[in-house]
Amino acid sequence: MSRPRLINRDEASSPPIERELLVRMHDLMIKARVLEERLIQMYKQGHGYFWIGGPGEEAFNVSLGLLMKKGQGPAFDYLHAHYRQSATLLALGEEPIGALRQMKNTASDPYSGGRNFAGHFSAKRLNVAPVTSPIEVQYAIAPGTAMVQKRHGGDGITIVTGGDAGTAEGDFASCLVWSSRPANPLPILIIVTNNKWGISTCSDGQHGETRISDRAKAFNIKSKTIDGNDALTCYAELKEAMEYVRTERKPYFIEAMVSRLYGHSSASGANYVTEEVDCIKQFEARLEKDGVLTRQQMDDVRAKYTEEIAAAARTVRDEPQPSGDSIYNHIYAEKR
Amino acid sequence: MANMAQAIRMALHYAEENLGVTDIFGEDVGAPLGGVFTATQGLKTTWNAPLDERGIIGAAMGIAMAGGRPVAEIQFADYIFNTIDLLKLAGNTCWSTNGDWNLPMVVRTPVGSGIRGSIYHSHSFDAGATRIPGWKIVMPSNPLDAYGLLISACQELDPVMYLEPKALLRVKGDERIPGEPEDDRALSKMIDAPLGDRSAWKAQWPQLEAYAVPIGKGKIVREGRGLTVVSYGRTLPLCVKAAQALAEEGVDAEVIDLRSLWPYDWEMIKASVQKTGRALFVNEDTEVTNFGEHLMRRTVEELFYHLLAAPKLVAGKHVPGIGLADALEMASVPQLADITQAMRTLAAEQP
Numbered sequence: 001m002s003r004p005r006l007i008n009r010d011e012a013s014s015p016p017i018e019r020e021l022l023v024r025m026h027d028l029m030i031k032a033r034v035l036e037e038r039l040i041q042m043y044k045q046g047h048g049y050f051w052i053g054g055p056g057e058e059a060f061n062v063s064l065g066l067l068m069k070k071g072q073g074p075a076f077d078y079l080h081a082h083y084r085q086s087a088t089l090l091a092l093g094e095e096p097i098g099a100l101r102q103m104k105n106t107a108s109d110p111y112s113g114g115r116n117f118a119g120h121f122s123a124k125r126l127n128v129a130p131v132t133s134p135i136e137v138q139y140a141i142a143p144g145t146a147m148v149q150k151r152h153g154g155d156g157i158t159i160v161t162g163g164d165a166g167t168a169e170g171d172f173a174s175c176l177v178w179s180s181r182p183a184n185p186l187p188i189l190i191i192v193t194n195n196k197w198g199i200s201t202c203s204d205g206q207h208g209e210t211r212i213s214d215r216a217k218a219f220n221i222k223s224k225t226i227d228g229n230d231a232l233t234c235y236a237e238l239k240e241a242m243e244y245v246r247t248e249r250k251p252y253f254i255e256a257m258v259s260r261l262y263g264h265s266s267a268s269g270a271n272y273v274t275e276e277v278d279c280i281k282q283f284e285a286r287l288e289k290d291g292v293l294t295r296q297q298m299d300d301v302r303a304k305y306t307e308e309i310a311a312a313a314r315t316v317r318d319e320p321q322p323s324g325d326s327i328y329n330h331i332y333a334e335k336r
Numbered sequence: 001m002a003n004m005a006q007a008i009r010m011a012l013h014y015a016e017e018n019l020g021v022t023d024i025f026g027e028d029v030g031a032p033l034g035g036v037f038t039a040t041q042g043l044k045t046t047w048n049a050p051l052d053e054r055g056i057i058g059a060a061m062g063i064a065m066a067g068g069r070p071v072a073e074i075q076f077a078d079y080i081f082n083t084i085d086l087l088k089l090a091g092n093t094c095w096s097t098n099g100d101w102n103l104p105m106v107v108r109t110p111v112g113s114g115i116r117g118s119i120y121h122s123h124s125f126d127a128g129a130t131r132i133p134g135w136k137i138v139m140p141s142n143p144l145d146a147y148g149l150l151i152s153a154c155q156e157l158d159p160v161m162y163l164e165p166k167a168l169l170r171v172k173g174d175e176r177i178p179g180e181p182e183d184d185r186a187l188s189k190m191i192d193a194p195l196g197d198r199s200a201w202k203a204q205w206p207q208l209e210a211y212a213v214p215i216g217k218g219k220i221v222r223e224g225r226g227l228t229v230v231s232y233g234r235t236l237p238l239c240v241k242a243a244q245a246l247a248e249e250g251v252d253a254e255v256i257d258l259r260s261l262w263p264y265d266w267e268m269i270k271a272s273v274q275k276t277g278r279a280l281f282v283n284e285d286t287e288v289t290n291f292g293e294h295l296m297r298r299t300v301e302e303l304f305y306h307l308l309a310a311p312k313l314v315a316g317k318h319v320p321g322i323g324l325a326d327a328l329e330m331a332s333v334p335q336l337a338d339i340t341q342a343m344r345t346l347a348a349e350q351p
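Protein chains in written order, with this note's numbering: chain B, 1 to 336; chain R, 1 to 351.
Bound conformation, chain B alone:
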């Protein structure tokens, strides 16, 4: 069996990714894809009102979740995510049933108690800041957690992610300014996943800059544009970037070119887009070629998750919705 190697890397400086990790990445990518496909199905069957998610971003998001320092408080990594990151949440250890519960808006939804859309995660115990619908606000908030981490010491970092279209918002500029102030540069990994679309608006008509990552250069923030569809590249580049932020306590910027395999959301139909690169197909071809997994093994993984997540969806279907009189709960922390 040939040993899998990182692509586009100097092999002397970067050790190969171990087989066990590759298998784990594949497992999580499939788990996330099956979850999203189930969420879309639930939406189409009327078991939810709206779907938005990240099929197509699994290669990047799984790598990110696996590399995060998981825990609560400033010693660990904070994630200010957007709504296409179920794969990151699964890589952090979340189970798919939580996302299903949020889709079905049950009282048991662990992220919002039936109050928020699919993909709008929140997990204080994992330092996952609440995901919100207004795009890019997370870029204005993230420097705050990074400031506390810098003061706290240690190697915890803040990670903020958003889409390419949202970089038109002022909050994105705020993030670049606040992260790179000479008075207090921050340990923050600024990420833009570029799927080249803002709902139905193509990025070609909106971006004067050659690369979004070029904007970081103006702030003397180290930056890179990477192939976000290639799992090995994502893992290696994120690892390097995160190590830099952890040790240097300075910002780093990654633009990851990704696919949007099911359109913007249920608002645009949520149908598979065949002309986009599918990171899973690409990864599986490589795993098979390198002898890491056989086709049968990979099919078995998908079948296992299809069955498990379908069973979870059936469980969720019978769970109660929140009651109307709960609207006054949790307006303030004292009412806990």
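If you are wondering where the hints come from, they were derived from the structure by calculation, not from laboratory data.
Chain R residues, not near chain B, derived (Cβ > 10 Å throughout): (1) N18; (2) P181; (3) E209; (4) K219; (5) E223; (6) Q244; (7) V251; (8) R297; (9) G321; (10) D326; (11) M330.
Per the computed footprint, the stretches of chain B lying under chain R, defined by three or more beta-carbons under 8 Å from a beta-carbon of chain R, are: (12) 105-113; (13) 122-132; (14) 136-150; (15) 170-182; (16) 327-333.
Ideal placement from N, C-alpha and C gives every residue a C-beta, glycine not left out.
Got chain B; can you put chain R on it based on the hints?
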């Protein structure tokens, strides 16, 4: 006696030392200026933010998320409007996450007219703030309350909007802040930064005491039986003055300083209106969808059969701004004469 700016500064000092406040920041909040109204001079956790209001509110939210306790300043409320969706987000974070996250943060901002601030330094924000659920909103009208409300705000687990009536920031109080020296000049020497080079200056803080005005509790500033006047901030002292003047005409007004706009002291308003049968609400935000309108609606709905006259609202005019010229400002927001006249008319009205 301390003025309101000094009281705010002392409360922030107390909060830094005793309540875990970690960051006091905003535009020009740190050295050398210490705030355009001097409210943050000499404090140890102050720092100067980029001139980016959204960045300021966002950073405060992030700091609060990570276990810090920020007090962020928007230099004038006029510049808070471009942060509305972040304020909405801060207000709904606890609710939308079903109680998972809460944001212990304070946002201070000077509001209202009174310094001839023209179109962009005279906005009110009390009605706007009450439109954002999830926040607690306070507005003092004297230095002691300013101190006590800020202490309370810095103890909250949720976002608190602390509105500073800029016309009153230089007005001295009638009551001493616990721990404040008796001699005003001595206090000034201790905590007011000198003009000129301040690089070597350090504040000498008095031995301040814990004194908290509970959020949600109003104060009866003047007792009376003839009518109820409910106000806060800049217009409150005007209401007291009007009530004193009208006492000579036989009008016995009860004046309530609401102090907290959300939650507010409905029990105090209710008891007073049940006693007097007449209610006047006074503030200077623009009159359409004014917070006083909410109080009037509730008064009519819940206290209708106690009323001897239709409740009244004296508020700012529904105009796009406050003009610089004296006459324009005076005509735009309630003045003493407007309040006196409204009280006189209300007291005289017969069913």
